[in-house]
Amino acid sequence: MEIIEKIKTNKLVEKQTDIQKICLDKLQSSPLPNPKSELWRLSNKIKFSNFLDYSVNEKNLKFDIPYPNNSQKTIRLIIGQNCQIQLIEENYSIQQISEDELDKYIKEQISCFNETENWSDLLNLSLSCKKNILGLRINGSKIPPIEIFSHASSNSLNAKTLVIFLEKNCDIELLQVNLGKDNSSLSQSTFFFLEEHSSLNHGVVSYGKNGSNLLNSLNVIQQKNSEYSLGSLHFKFNYARFEINIKQSEGNAKTNIKGMQITKKDEQISTYTKINFDGPNGFLDQINKSLADDKSHAIFEGSIIVPKIAQKTDASQLSRNLLLSDLAQIDTKPQLEIIADDVKCKHGATISQLNEEELFYMRTRGITLAEASKLQLSSYFQEIISFIPVSKERWDLLDKILNEN
Amino acid sequence: MQSQMKESDPILEVENLFASTNNLPILKGVSLTVYPGEIHAIMGRNGCGKSTLSKIIAGHPSYNITNGDIKFSGENINSLEPEERSQSGIFLGFQYPIEIPGVSNLEFLRVSTNARRKFLNKEELDTFDFEELVKEKLELVKMDQTFLSRSVNQGFSGGEKKRNEILQMALLEPKIAILDETDSGLDIDALRIVASGIKKISNKQTGIILITHYQRLLDEIEPNYVHVMADGQIIKTGGSDLALELEKKGYEWTDNFVKET
Chain A
1 MEIIEKIKTN
11 KLVEKQTDIQ
21 KICLDKLQSS
31 PLPNPKSELW
41 RLSNKIKFSN
51 FLDYSVNEKN
61 LKFDIPYPNN
71 SQKTIRLIIG
81 QNCQIQLIEE
91 NYSIQQISED
101 ELDKYIKEQI
111 SCFNETENWS
121 DLLNLSLSCK
131 KNILGLRING
141 SKIPPIEIFS
151 HASSNSLNAK
161 TLVIFLEKNC
171 DIELLQVNLG
181 KDNSSLSQST
191 FFFLEEHSSL
201 NHGVVSYGKN
211 GSNLLNSLNV
221 IQQKNSEYSL
231 GSLHFKFNYA
241 RFEINIKQSE
251 GNAKTNIKGM
261 QITKKDEQIS
271 TYTKINFDGP
281 NGFLDQINKS
291 LADDKSHAIF
301 EGSIIVPKIA
311 QKTDASQLSR
321 NLLLSDLAQI
331 DTKPQLEIIA
341 DDVKCKHGAT
351 ISQLNEEELF
361 YMRTRGITLA
371 EASKLQLSSY
381 FQEIISFIPV
391 SKERWDLLDK
401 ILNEN
Chain B
1001 MQSQMKESDP
1011 ILEVENLFAS
1021 TNNLPILKGV
1031 SLTVYPGEIH
1041 AIMGRNGCGK
1051 STLSKIIAGH
1061 PSYNITNGDI
1071 KFSGENINSL
1081 EPEERSQSGI
1091 FLGFQYPIEI
1101 PGVSNLEFLR
1111 VSTNARRKFL
1121 NKEELDTFDF
1131 EELVKEKLEL
1141 VKMDQTFLSR
1151 SVNQGFSGGE
1161 KKRNEILQMA
1171 LLEPKIAILD
1181 ETDSGLDIDA
1191 LRIVASGIKK
1201 ISNKQTGIIL
1211 ITHYQRLLDE
1221 IEPNYVHVMA
1231 DGQIIKTGGS
1241 DLALELEKKG
1251 YEWTDNFVKE
1261 T
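From first to last, the protein sequence lines are chains A and B. Per our numbering, residue 1 is the first one in the first sequence, and the count goes up by one each step. Per our numbering, residue 1001 is the first one in the second sequence, and the count goes up by one each step.
Just so you know, these hints were derived from the structure itself, not from any lab.
Calculated cross-link-like contacts (lysine-lysine; reagent style PhoX-like; alpha-carbon spacing at most 25 Å):
#1 A:K295 x A:K209
#2 B:K1118 x A:K374
#3 B:K1122 x B:K1135
#4 A:K308 x A:K344
#5 B:K1161 x A:K374
#6 A:K224 x A:K142
Could you build the full structure based on these sequences and the hints that come with them?
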């Protein structure tokens, strides 16, 4: 109950919104995630309690964007710092959703929430004050790439929420960057609604500093003939969870996911995905990679749900994992739940170490063991990294960050 | 034959080499000396230790030298790392060149070439200068530039992989090249291209060891010495005629030789 008390007694949420009240009510019955549930059983309890240790604090949110600011064509938004957004151009418009509409949509979502599966969203929405909820409605074509930043401040727990409606025939490229500071916790919940024939090329790059924690939840609803592609990378967090929940509400939609998590020292980073096909002819191509070094722990659990209505579903889910140390740990569990009888679904998982013969080959060409390992790792990353929509000048920076790591 | 007086010092001396992997003895007393300008062929049945010998000379970490020495340019290299051996001029052409997805062939070749150039106190090449150099070397093995933009060996045919090995040899300019079954999996045309590349690269300062099962590579590149290996030892050494003799007699007699000894 400690977290509930902490939220309730926090001055910033004295004037609780309806959404916060509803979520707090739901959390009363489940103040902490159920440690016996499949979604939380491997979660490191000490690290998770460290996530909750920090108090909710909106002060001192000074923020330096790590990417160079030289791309004029990129629309850059920082959750919590943008007051009014209204971009109406010849071919497209990006507008903030009205408070009423946003309230209505979030309440609809909450009504379907389950305390175990959506615990992270309930926490997020009970913490997020109005200014930290960014709701956008986007339509049109030839939209410049969008970057949206969320960040935590040191010794604080911060919550940010993003809601985006993509209207019919709209096509966007969106990079979401979640940044942790020293000893901080960030709760990020994202909700996308993709209307018919819309397309979202989504990148998520989350990286922390010493003692950063992250609860990152992503909820996507896809209408028919929409396409959602996600490239994600999570690294340098003491504790991080990435929960992905995608629903193809009418089938006939396409989902592509390429995700990666890198753990070092004693970090724990996990990815949970649940893909629901609620109609026929759905398509999924998913690969998740984990790379665990030192004494760290990486987790991937993925489930694909194909009910009877979802005939002709074509889904593939692969989990590829690389263990770099004898003390590191990787848990992976891709799973299928299929009731429809005319589907094409496959899943698989591998855990391996750096390929000795590849390393030897490179070394016989004069490349040192350290360089050869780095080359091998970068080739392992590349499939995922190249899927993240990041422009070239920003990629150089991402490359640098990965090398520093 | 190898005891003849030579004008220069040997490049490579393998002296009474014993080696094992997972406590299983593989090499049981191999001795071999290569002088500059010499071409040696090592022949023998599968599993006789030919490839193991090449890997041990190149420094494969899975093998332990239990006795004997490997000297390169007079220095004992038993404890050198594979990259140190390569940088100092030992080249191993792989029987099965490794695919490295995601690593561009051009970058791989550039990093390797610069590692060797650094050792030779030569200026390291940037991408533009290196492209000029590599274009010239591509001619030797009749490869086109599209190979450079692909991942190392990924999706290459057997012949393309072997030509890529010879391209690497051309770029690294080794003092000694050990080519492990470079002829396997090649059609006649590809074999001629590879053999011609090897001949153009080799000179009076380089030594070459060809590991092969067949005479056909030796028809293209005539060796000075042919060694027959069996059960981890060199059991016979002769001139190029020995290879022709093996072609006729096969390797059965080597089994009898091992049983008798």
